[in-house]
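*Asks:* Chain by chain, the residues:
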Amino acid sequence: MTTPFSAALGAELTKLRRSLSWSVVVLLPVVVVLAGSFTTVVSGQQLADGWHTLWLRSVVFYGLLPLPLGLGILASLAWRPEHRGGSWNALMSSPVPSLYVVLAKTLVVALLGAVMQLVLLVTVVLTGKLLFGLAGMLPGRYLVITVLLVVAVLPVAGVQSALSMAVRSFATPVAVALVGAGTAAVLLAAELGGVVLVLPWAVTARATQLATGTFGDSGELTAGGAAAVVVAGALLTLLAVALATRYLERRDVHT
Amino acid sequence: MDTVTTTGLTKSYGRQVVVQGLDLRVPEGCVYGFLGPNGSGKSTTMKMLLSLVRPTAGEVLVLGEPMNRSTRRRQLARIGSLIESPPGYGHLTGGENLRLVQRSLGLDEAQVDRAVRSVRLEEQLDKKVAHYSLGMKQRLGIAMALAREPRLLVLDEPTNGLDPAGIEEIRELLRRLAGRGVTVMVSSHLLGEVDKAADVFGILSAGRLLFQGSREQLFAAAVPDLLIDTSDPHRARAVLDDRVAARVDGGSLRIPGIDDQGTARVVADLVGAGAPVYGVRREEQSLEDVFMDLTRGGRL
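Read top to bottom, the protein sequences are chains A and B. Be aware that the first sequence starts at 102, since it is given in our numbering, and climbs by one per residue. Be aware that the second sequence starts at -18, since it is given in our numbering, and climbs by one per residue.
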């Protein structure tokens, strides 16, 4: 059944046709994984601890910079058509509620982020099998972490989408993503504990570090660690969506 | 019933007043020609009618209900609009853009088809909007506004970028829509583009409403110049001296802004002074003249 919200979401998905977003979604994780293994492959060495080492090299760095940057770019790409021509006037003179506009855009950015996680997962598996000839399969906990990552991209998708909605510039929100990611990396390195999770970019980065033993992680995938990421992610996403909706409801259209 | 009513509608940015105290009355089922030079506040006014811009003061009633931020999304289901540059996502085709509208407004195929046919865009639907001409984008924008079968259609300069045949088509379309009971408010800085289609006019200059009413009222409101044909216009002018602002215009004496009683007095004076008068007439006026006169002088 089509509800007004599913219709709004469907409309957002249609807008992704012929969008540059898809190349970001595919290229970014592939490049990151391959770059992480490049020197090892070239020098003919093996991975010290098999799948674990491969995951650590590919995904932890990915969560610190390429992922938030990628989400920033995806959000700017998603909002770019709305800043052109008479799109804002059309969007704001349609009966679709502001909340749906914001929510649909956020979910589309998050969806692209989720697809990016899948590409990442597949690339890691293929790299392990084809380039390193690793035995067995990627351990199950990394599949769980991939699912957690799909949730953990939501707060960054929400914040970046809100920024790209409010700011016409393509680059400014992406620059904010860089600063946010950098701040999150510093705070995570300082091992301050759960407080860091007030920063959306830290939630995403933290999720990529689960079960890796890096940045103060225990090295084990614990329910508490996973729950912290999910709860912080959900709260920050709600906050971002609420603020963006309020902004959209109040502001005048400028063209 | 009036479809749109505004009371004291005002918008200012800081000290700059863009629209001042508008009391608009747009009757149901009419084509309302909203005229004024560029920068006179037409777009801002139309944006306030759609609640795209919040008024600094005053109120808007659309279809009998207040139009503001808490009511707008409900109201907008019955209002089609095209403001400033036409919408349409460049990376999608015209057809895909229309499907977006269809989907997000929950319309059926037939509604979209009718809208497309009424702007004659059937042949162009598979083309990317980025490759459309401005005229085609305008048509697409109008189709997007029409698809929801609105009761009120607000079009801001819809004939921009259209050739004369296209302008004529839009005029016919507006008349047809009004015939079906749709209220159409259409703005233009060129009277000629809407005068044949509109039956009610609102004329805006520097943010103020100079005139609002029917075509007949518009003609009546602007008094055409009086022309007195005389064999010696210079002498006639000397007779009238400073009592009226008369000037010689070819073989005639031209007197602006004079009413019927004044005319009778002037003729009596001239005849009494022995000036040979052989014709007294009002100058033929086009709607264009009236419009220019109103907007240039800012009077009425």
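Honestly, the hints are just simulated from the structure, not real lab data. It cannot be assumed that every hint is accurate.
Pulled a few chain A residues facing chain B out of the computed Cβ check, cut under 8 Å [stated by the list, open to error]:
| hint | residue |
| --- | --- |
| 1 | Gly111 |
| 2 | Val142 |
| 3 | Gly145 |
| 4 | Asp150 |
| 5 | Gly151 |
| 6 | Thr154 |
| 7 | Asn190 |
| 8 | Ser194 |
| 9 | Ser195 |
| 10 | Arg269 |
| 11 | Ala272 |
| 12 | Gly320 |
| 13 | Val354 |
Ideal Cβ placement from N, Cα and C applies to all residues, glycine included.
*Asks:* Does each hint fit the structure? Answer for all of them.
*Replies:* Okay, the hints, checked on the actual structure:
1. Gly111: This interface hint holds because 5 Å falls under the 8 Å limit.
2. Val142: Where the cut-off is 8 Å and the nearest Cβ of chain B is about 38 Å from Val142 (chain A), the hint is violated.
3. Gly145: Hint on Gly145 (chain A): violated, closest Cβ of chain B at ~45 Å, above 8 Å.
4. Asp150: This interface hint is violated because 45 Å lies over the 8 Å limit.
5. Gly151: 44 Å, violated
6. Thr154: 41 Å, violated
7. Asn190: 4 Å, holds
8. Ser194: 5 Å, holds
9. Ser195: 6 Å, holds
10. Arg269: This hint is violated: Arg269 (chain A) lies away from chain B, its Cβ roughly 14 Å from the closest one there, beyond 8 Å.
11. Ala272: Cβ of Ala272 (chain A) sits 20 Å from chain B, so the hint is violated.
12. Gly320: At about 46 Å, which exceeds the 8 Å cut-off, the nearest Cβ of chain B leaves the hint on Gly320 (chain A) violated.
13. Val354: 4 Å, holds
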